[in-house]
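Engineer: Sequence:
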Amino acid sequence: MGKSILDKRWFQELLIVVVAFLFSTLNSWDLFTNWQDAQKAIVIFLITYAHSQVNRFFLLPLLLQTHKYFAYLTYSMLLTFFFGGVLYLVYTNWFHTQAVSNLTEVQKYLIHVICCVLSLATMLTPFLLLHLYTEQKKKVAAQLAMNQMELKVLQSQLNPHFLFNTFNNIYGISLQHPSSVPDLLLQVSKLMRYQLESHAHQWVNLGDELSFIEGYIALEEERLGSRCAISYEYINETAGTSFFIAPLLLIAYIENAFKHGTDNVDGSFVNINIHVTNDMINMRIINSMPPGRKKNDDFTGVGLKNANHRLNLLYEEKYRLDINSNSDAYSVNLVLPLIKHKNAA
Numbered sequence: 001m002g003k004s005i006l007d008k009r010w011f012q013e014l015l016i017v018v019v020a021f022l023f024s025t026l027n028s029w030d031l032f033t034n035w036q037d038a039q040k041a042i043v044i045f046l047i048t049y050a051h052s053q054v055n056r057f058f059l060l061p062l063l064l065q066t067h068k069y070f071a072y073l074t075y076s077m078l079l080t081f082f083f084g085g086v087l088y089l090v091y092t093n094w095f096h097t098q099a100v101s102n103l104t105e106v107q108k109y110l111i112h113v114i115c116c117v118l119s120l121a122t123m124l125t126p127f128l129l130l131h132l133y134t135e136q137k138k139k140v141a142a143q144l145a146m147n148q149m150e151l152k153v154l155q156s157q158l159n160p161h162f163l164f165n166t167f168n169n170i171y172g173i174s175l176q177h178p179s180s181v182p183d184l185l186l187q188v189s190k191l192m193r194y195q196l197e198s199h200a201h202q203w204v205n206l207g208d209e210l211s212f213i214e215g216y217i218a219l220e221e222e223r224l225g226s227r228c229a230i231s232y233e234y235i236n237e238t239a240g241t242s243f244f245i246a247p248l249l250l251i252a253y254i255e256n257a258f259k260h261g262t263d264n265v266d267g268s269f270v271n272i273n274i275h276v277t278n279d280m281i282n283m284r285i286i287n288s289m290p291p292g293r294k295k296n297d298d299f300t301g302v303g304l305k306n307a308n309h310r311l312n313l314l315y316e317e318k319y320r321l322d323i324n325s326n327s328d329a330y331s332v333n334l335v336l337p338l339i340k341h342k343n344a345a
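Position one of the sequence shown corresponds to residue 1 (this note's numbering), numbered consecutively onward.
None of these hints come from the bench; they were simulated from the model. None of the values given here were measured: they were computed from a predicted structure. Mixed in with the good hints there might be a few duds.
Here are the simulated PhoX-like cross-link-like pairs (lysine-lysine), alpha carbons at most 20 angstroms apart as the crow flies [as the list claims (entries may be wrong)]: (1) 305 <-> 318; (2) 137 <-> 40; (3) 8 <-> 108; (4) 259 <-> 305; (5) 305 <-> 340.
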């Protein structure tokens with residue numbers, strides 16, 4: 001996609017020059033009675049413009065940006081006195097000599113030095129602001145590119161992590177119910193297909209993401225059977241509205257609940273509640289705390305660490321994540337903003 005004309009460097013430079021010329025000659029427009037007067041004004045402007053550009057392209061990068069502040073100030077003063085002298089000579093011989101005829105030559109010279117100082121400040125300011133804007137834009141673009149690359153790396157780690165956990169589940173099922181393995185493999189293939197397809201997108205349809213989650217929960221129900229009480233509830237108060245969410249973000253917390261909350265112990269439980277309202281999604285997960293596991297034990301694995309990191313990259317400070325544990329249960333409460341626009345996917 002091509003740049004906007006406002007982002008083109010040549011247009012920015014031209015715009016600054018035109019605006020600087022208009023402002024520098026604003027109080028003299030009534031004196032431009034012919035083309036010769038206008039030519040003289042242009043010459044005077046070019047002198048002050050040349051002064052600002054020498055300062056901008058030579059003194060600023062060589063001295064100020066290398067933190068040689070005293071040297072920059074000294075050379076800037078010498079340069080200003082030089083261009084003040086040039087302006088004085090041109091102005092005295094060409095333009096408005098009668099307006100300052102009652103002043104001494106030294107006073108006339110100092111007036112033109114002051115004019116050079118004022119014009120330097122006037123012309124350098126927009127260039128410096130433009131430079132700061134460009135540098136900030138580069139930093140933002142670089143940070144965005146880095147974030148995107150980091151997100152790709154994190155997403156690429158999710159596939160093998162999910163695959164590892166899922167096939168561990170199938171292995172456990174195959175030991176007790178080998179006849180159900182073909183159907184489970186078909187179900188897993190659907191989950192993996194969604195993972196591969198969603199991997200190419202930063203945002204996916206919320207309905208597709210929830211279907212993926214429901215498929216995973218069904219797989220866990222098959223594995224755990226009556227040994228774990230599993231409850232899943234989905235409430236949508238904004239039916240008919242299409243929302244988008246970061247893919248494979250919620251599943252990490254659900255996986256964590258099944259992995260650490262069941263431990264093949266009878267009487268375990270996992271409760272999952274997902275509530276969509278006011279362009280927000282609220283997911284609350286409560287799972288049992290297996291006997292012998294302390295409430296301060298680290299429940300974080302690769303998937304959960306990746307999920308937490310992706311939350312910071314994608315949602316910054318727009319989300320809320322509360323994790324609590326005690327001797328009986330471990331809970332996660334995640335609140336995220338949802339995206340409406342179609343281009344999110």
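Engineer: Just pull the numbers of the violated hints for me, sorted ascending.
Structural biologist: Result: hints 2, 3, 5 break, sorted rising.
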